[in-house]
Amino acid sequence: MLKNLSTMVKKFTFRGLMAPVFTAFNNDSAQSINLNVIPAYSKYLADANIMGILVQGTTGEGMSLTVDEREKLTESWAKACKTNKQCLMVQVGGTVLPDVIRLAKHAESLNVDALLCLPELFSKPKTVTELIEYLKLISEAAPNTPLFYYHLPLWTNVTINMADFLNAAYKKIPTLCGIKFTSTNLDEGTACLKAGDGSYVIFLGADQIMLGAFALGFDSAIATTFNMIPQKGQKIWEQFTKKNLEDAKCAQQTLTKSVDAIVKNGSWVSTMKTAMNILTPIQVGDVRPPLKRLSQSEKQEMMNDLKQLLH
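For what it's worth, numbering that gives the first Met the number 0 labels the leading residue of the sequence shown as 0, then goes sequentially.
Source of the hints: derived by calculation from the structure; they are not laboratory data. Among the hints, a few may not be true.
[To be verified] Result set (SDA-like, lysine to any residue): computed pairs, CA atoms no more than 20 Å apart in a straight line: (1) K84 - E107; (2) K42 - I281; (3) K81 - Y43; (4) K306 - S296; (5) K104 - V127; (6) K104 - V8; (7) K241 - P229; (8) K256 - Q207; (9) K123 - L151; (10) K242 - Q252; (11) K234 - Y43; (12) K298 - N276; (13) K84 - F13; (14) K263 - E297; (15) K135 - T183; (16) K234 - L309.
Given only the sequences and the hints, what does the whole structure look like? Please build it.
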């Protein structure tokens, strides 16, 4: 946590592996959200020793949900995480500013552990100063809850250097605790670890480069594959910490091959959601349009590929 923060701001202590959970939809005409699956989903992850939960992120199709749906989802996950003693982070961005502020206030009222926020996606921040000013508004809406910025340049096209941002934002945003760094630029990521006198929490958001990131000093990750093959990410971390680098490398290679097999016939969220339905007892339904669903033949191909890789 940053130094000299207000005593009102909750301390963020979680480190380790966090799953960006899928939003389950019912198989009805409206694709209504399925809240009933959440208690079992939360327990399934806790049983797999995944004790961090991120809701409404990219994987969770947060930007495809109404504000009311997002609030109901947060309420259900807050209850489940309390039961299973999991850390809960809520992504509140990706919509118009008044709704972002509403979602931040709502999440804080539920005493969640942290907020994550995408940048403004239409009037995109082009400078460090613009990004700081935007996040200050979110911080003011939820002054007691640690805030993380969601760096996702490939999708948002906001390419501000994160080390520059973190150094400039140091002590200027009272609740800013760190970032989710969803980029393969590990030079920039490593610089983030040193920003603000090393006081920020930096979550890696890229499944395929976890071992390299751990070797450079990362100690936490938010990765979609923690949902359906959590043991692979855990093995990478465990073997790395034991200095069994060959075993860690082998686990990373298997995870990377699994990701390649999953995503080869579609977009990230569509394919990963399909893999969740194939590999686990937790059924999360299909993606919402405009995301494209996989065909039955594509699903069968994925099933066959994963059976060979993960037998």
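Okay, the hints, checked on the actual structure:
Between K84 and E107 the CA atoms are separated by roughly 18 Å; this keeps the pair inside 20 Å, and the hint holds. Taken as a hint, the K42 and I281 pair is honoured in the structure, with Cα atoms around 10 Å apart against an allowance of 20 Å. As the CA atoms of K81 and Y43 are separated by approximately 14 Å, the hinted pair is consistent with the 20 Å bound. In summary, the hint linking K306 to S296 is supported, as the alpha carbons are separated by about 15 Å, within the 20 Å threshold.
As the CA atoms of K104 and V127 are separated by approximately 24 Å, the hinted pair breaks the 20 Å bound. Of the supplied pair hints, the one linking K104 and V8 holds, its CA atoms being roughly 14 Å apart against a limit of 20 Å. Note on K241 and P229: the hinted pairing holds, with a Cα-Cα distance of about 18 Å set against a maximum of 20 Å. Among the hinted pairs, K256 with Q207 is consistent with the structure: their alpha-carbon atoms are about 9 Å apart, no more than 20 Å.
Only pairs whose Cα atoms come within 20 Å are accepted, and K123 paired with L151 is accepted, the gap being roughly 13 Å. Of the supplied pair hints, the one linking K242 and Q252 holds, its CA atoms being roughly 17 Å apart against a limit of 20 Å. Of the pairs offered as hints, the one joining K234 and Y43 holds, with about 18 Å between alpha carbons and a cut-off of 20 Å not exceeded. A hinted pair counts as satisfied when its Cα atoms are at most 20 Å apart, and K298 with N276 qualifies at roughly 10 Å.
Distance hint between K84 and F13 is fulfilled; the C-alpha atoms sit about 12 Å from each other, no more than 20 Å. Among the hinted pairs, K263 with E297 is consistent with the structure: their alpha-carbon atoms are about 9 Å apart, no more than 20 Å. Using a Cα cut-off of 20 Å, the hinted pair K135 and T183 is violated, with the two alpha carbons roughly 27 Å apart. Distance restraint check for K234 and L309: the Cα-Cα separation of roughly 14 Å lies within the 20 Å cut-off, and the hinted pair is therefore satisfied.
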